[in-house]
Amino acid sequence: MSTATTTAHSTEDVALRWFRRLMWAGIIGNVIVGIVSIAYTPQVLALAKVDPATPLVWPRLSAMLVMLLAGFYIPAAIDPNAHRFAAVFAVVCRFAGTIFMAVVGGHYIIFGLFDFVFGAPQAICLYLAWQRTNAAPDGRASGSTIVALLAGLLAVGAFAWGAFQWLTQPVLPAFASDEEFFKYGSIGNDGAGGIPYPIWIAMPDVCAHHLPRPQGYAAFGLLYERGRNPAIDPPIGFSRAKVGVERMAINCAVCHTVRARLAADAEPQFYVGAAANTVDIQGYLRFLSRCAADDRFTPDQLIPAMAAKVKLSWLDRLTYRFVLIPFVRRRLLEQGEDLAWASRRPAWGPGRIDPFNPVKFGMLHLADDETIGNSDMQAVWNLNAREQIRASAPLHWDGLNNSVREVVISSALGDGAVAREFNFPAMERIDRFLRALPPPLSPHRPDAAAVERGKMVFAANCAECHAPDGKRTLTVIPVAEVGTDINRSHMWTELARDAYNNFREGRDWGFKSFRKIPGYVAEPLGGLWLNGPYLHNGSVPTLRDLLEPPAQRPAAFVRGLDVVDARNGGFVAPSCDPRQQPAEGFCFDTRLVGNDNDGHVYGTALSAAEKGDLLAYLLTF
Amino acid sequence: MTDADALTIGSTQAQAATRRIAYRRLLGFTLIVQTAVGLIAVVLPIWLARAADLPGPPSSGWVQLWGVMLLIMATLYLPGCIEPVHVRWPNVVGIVARFVLAVAYVRLGQGLRWFALYELVFAVALAWSYRQLLRAELMSRP
Chain G
0 MSTATTTAHS
10 TEDVALRWFR
20 RLMWAGIIGN
30 VIVGIVSIAY
40 TPQVLALAKV
50 DPATPLVWPR
60 LSAMLVMLLA
70 GFYIPAAIDP
80 NAHRFAAVFA
90 VVCRFAGTIF
100 MAVVGGHYII
110 FGLFDFVFGA
120 PQAICLYLAW
130 QRTNAAPDGR
140 ASGSTIVALL
150 AGLLAVGAFA
160 WGAFQWLTQP
170 VLPAFASDEE
180 FFKYGSIGND
190 GAGGIPYPIW
200 IAMPDVCAHH
210 LPRPQGYAAF
220 GLLYERGRNP
230 AIDPPIGFSR
240 AKVGVERMAI
250 NCAVCHTVRA
260 RLAADAEPQF
270 YVGAAANTVD
280 IQGYLRFLSR
290 CAADDRFTPD
300 QLIPAMAAKV
310 KLSWLDRLTY
320 RFVLIPFVRR
330 RLLEQGEDLA
340 WASRRPAWGP
350 GRIDPFNPVK
360 FGMLHLADDE
370 TIGNSDMQAV
380 WNLNAREQIR
390 ASAPLHWDGL
400 NNSVREVVIS
410 SALGDGAVAR
420 EFNFPAMERI
430 DRFLRALPPP
440 LSPHRPDAAA
450 VERGKMVFAA
460 NCAECHAPDG
470 KRTLTVIPVA
480 EVGTDINRSH
490 MWTELARDAY
500 NNFREGRDWG
510 FKSFRKIPGY
520 VAEPLGGLWL
530 NGPYLHNGSV
540 PTLRDLLEPP
550 AQRPAAFVRG
560 LDVVDARNGG
570 FVAPSCDPRQ
580 QPAEGFCFDT
590 RLVGNDNDGH
600 VYGTALSAAE
610 KGDLLAYLLT
620 F
Chain F
0 MTDADALTIG
10 STQAQAATRR
20 IAYRRLLGFT
30 LIVQTAVGLI
40 AVVLPIWLAR
50 AADLPGPPSS
60 GWVQLWGVML
70 LIMATLYLPG
80 CIEPVHVRWP
90 NVVGIVARFV
100 LAVAYVRLGQ
110 GLRWFALYEL
120 VFAVALAWSY
130 RQLLRAELMS
140 RP
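Residue numbers (numbering that gives the first Met the number 0), protein chains in the order written: chain G, 0 to 620; chain F, 0 to 141.
Just so you know, the hints here were simulated from the structure itself, not pulled from any lab data. Some hints could be false.
[As the list claims (entries may be wrong)] Taking CB as the label site, the calculated pair distances span:
hint, chain 1, residue 1, chain 2, residue 2, range
1, G, Leu365, F, Ile45, 53 to 59 Å
2, G, Val43, F, Leu137, 30 to 36 Å
3, F, Ile81, G, Leu55, 35 to 41 Å
4, F, Ile81, G, Arg330, 32 to 38 Å
5, F, Phe98, G, Glu504, 51 to 57 Å
6, F, Val42, G, Pro517, 38 to 44 Å
7, F, Leu137, G, Gly151, 23 to 29 Å
[To be verified] Which stretches of chain G does chain F cover? Using the computed rule of at least three CB atoms under 8 Å from a CB of chain F, they are:
hint, stretch
8, 254-266
9, 380-388
Beta carbons: idealized from backbone N, C-alpha and C, even for Gly.
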């Protein structure tokens with residue numbers, strides 16, 4: 000026997016020996032995983048991050064099948080030469096499991112990885128062994144070692160990819176109620192836009208000097224329901240989901256849920272779907288980037304503050320110190336830079352947002368065109384009723400889209416959702432919920448006779464644009480006609496329309512309904528009592544003020560208070576001096592560009608008695 | 000060897016061949032059914048869960064996982080189906096697995112009790128048929 004042949008045979012032996020060892024390892028692995036999964040099912044499910052299972056017999060059945068499958072592998076483990084079919088089928092089945100789990104995706108990838116860990120080296124060993132067996136008589140291996148090495152590298156890469164997919168799959172909490180889901184559910188922006196939960200809850204402590212008031216995130220008007228601890232619980236409008244680590248990310252409710260008190264000493268009530276009158280989104284975003292830029296945003300400062308609120312293992316501490324805190328800091332600084340353009344415009348203030356310029360300059364990569372899109376947040380209820388009034392009713396203040404589906408999806412994108420984690424079922428759930436969500440009935444009880452008289456005044460002066468059967472209700476009224484501040488309309492350009500309709504980042508989103516109509520939508524009046532301040536830019540504090548000529552409307556008033564004004568309509572909004580911000584709320588200056596309270600002069604020429612009657616009627620909405 | 004001896008042995012080999020065909024047909028049928036159920040579980044998990052009244056599967060993922068393991072099991076069974084006499088292990092493990100599955104399905108309850116009945120009936124049938132085959136094979140040898 001030549002030396003080369005001896006070498007070939009010894010290599011064959013080594014490869015076969017390792018194949019058998021790996022087969023036995025796989026069999027033992029299957030049995031151990033099966034037994035542990037049957038004995039500790041809930042713990043294994045939590046560890047694997049797979050869907051919770053009720054009844055638990057389903058995962059236990061799977062565990063038992065894993066053990067039974069191990070039985071079929073035994074002949075190949077004993078003698079792969081004598082049981083070639085069994086050996087090949089064993090490897091093929093490991094790969095079949097891997098591929099299937101990769102296709103199913105989600106956290107089931109972990110089962111695929113388990114099969115892959117055994118299947119890939121088994122396949123390589125089997126290949127090497129049989130290559131050597133079939134080698135040329137001189138024993139040369141025809142480069143099979145190189146092939147095996149490449150396959151090994153490929154396997155390691157594939158495993159790393161699978162592990163990354165598994166680790167970064169969101170673990171989303173389930174909500175039985177649509178309303179709870181709307182308030183706290185994920186819209187698919189957790190991975191791309193979420194801040195690790197321990198860092199998020201520590202930031203108000205570490206950066207307390209950047210808060211307008213020492214109230215944690217409540218200082219930005221974020222809403223905490225009764226029984227929730229503002230120090231550790233998410234406010235309304237924030238989801239807490241696990242993508243690698245637990246993260247906090249905003250959802251639709253942050254701008255579309257309001258807190259209101261019927262009197263200063265009354266218990267606050269929360270109204271889902273309403274415009275978030277107290278929430279200062281810009282203040283919140285600025286706080287995040289200012290905190291990240293602060294010298295105190297370091298592991299030495301943050302980790303003790305985090306550990307005071309959540310349990311951190313030594314591994315957590317290392318990960319946060321060397322990976323997550325530096326990474327989050329960089330991302331928040333980048334976010335601050337991305338929104339730097341907003342500092343050159345009037346502040347949004349509570350209850351307002353520039354919803355589309357961030358999309359234009361960020362997502363759509365359009366140049367800063369110096370436009371100002373500051374707008375009052377809008378109520379999003381009654382979407383079905385809107386469509387009953389007018390098919391394809393325009394949405395957003397300027398009616399820039401008339402498809403509820405597109406508006407829901409584009410809003411999620413604007414909130415930081417990305418294609419790879421986009422949650423379409425969540426979008427459909429929100430769509431269904433908002434379509435059926437009625438506006439809350441007005442709690443005001445004005446004089447019934449005045450209401451009756453006001454109804455007549457309304458019919459003569461307002462119904463054409465605001466009654467459900469008004470011929471112009473839910474149409475876009477030209478800016479030249481309504482006369483309100485033009486900036487919001489100017490903000491949405493033909494360029495932006497085309498860019499959004501052609502937006503294909505990550506996938507084809509199917510947008511086709513973005514359009515440009517210079518004007519503002521005449522809205523129906525459902526939930527009017529919660530919609531103050533009024534006009535698209537929130538520049539008129541109360542309904543009573545709206546019935547006054549523009550020159551007599553308040554030039555500056557406090558926004559962001561939550562006490563309902565039963566006499567004037569809207570929220571209590573005392574006058575203020577913009578040079579001195581009030582202790583509570585935000586002094587809104589109508590003299591700044593984009594904040595003009597001009598226009599919508601309908602009803603301003605009525606007599607005082609007629610205005611009183613009309614106001615009484617409007618207070619019933 | 001006399002003519003009578005040759006006739007006796009030949010007749011036994013023919014019996015063994017008949018038993019082999021019978022066993023392979025029976026096993027083939029169960030593997031086809033198993034593959035069909037596995038494929039339906041993988042492709043239409045929700046439909047199967049409803050149609051077969053499966054006990055409250057929490058998500059389609061678990062039904063799919065069950066389906067893919069049925070498919071893998073059927074694949075691993077194939078060597079035993081091709082050479083039932085020389086490759087005995089998969090057949091023995093497969094028959095034991097059917098008894099175990101029958102018990103598990105009874106435990107799961109609801110529509111899976113029909114699966115349990117099916118597994119039990121075919122486990123007994125396969126065990127009897129395989130025993131007959133092995134006996135015939137052994138007796139066919141001089």
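### Query
According to a criterion of three or more residues whose C-beta lies within less than 8 Å of a C-beta of chain F, is the stretch 380-388 of chain G covered?
violated (count 0)
### Message
Tell me whether the statement that chain F covers the stretch 254-266 of chain G is true, taking a Cβ distance below 8 Å and needing three residues at minimum.
### Response
Result for this restraint: violated, n = 0.
### Task
Using the beta carbons of Val43/G and Leu137/F, state whether their distance is inside 30 to 36 Å or not.
This hint is violated: roughly 45 Å between Cβ atoms.
### Message
A range of 38 to 44 Å was offered for this pair. Does it hold for the Cβ distance of Val42/F and Pro517/G?
### Response
At roughly 51 Å between Cβ atoms, Pro517/G and Val42/F fall outside 38 to 44 Å, so the hint is violated.
### Query
Regarding Leu137/F and Gly151/G, is the given constraint of 23 to 29 Å on their beta-carbon distance met?
46 Å, violated
### Beta-carbon spacing of Ile81/F to Leu55/G - inside the hinted bounds 35 to 41 Å or not
37 Å, holds
### Message
32 to 38 Å was suggested as the range; check whether the CB atoms of Ile81/F and Arg330/G agree with it.
### Response
58 Å, violated
### Query
Should the hint that Phe98/F and Glu504/G are 51 to 57 Å apart at their CB atoms be regarded as holding?
The hinted range 51 to 57 Å holds for Phe98/F and Glu504/G, with Cβ atoms some 55 Å apart.
### Message
Given the hint of 53 to 59 Å, is the C-beta distance from Leu365/G to Ile45/F inside that range or not?
### Response
With Cβ atoms ~43 Å apart, the hint is violated.
In terms of the numbered hints stated before, the structure departs from hints 1, 2, 4, 6, 7, 8, 9, listed from lowest to highest.
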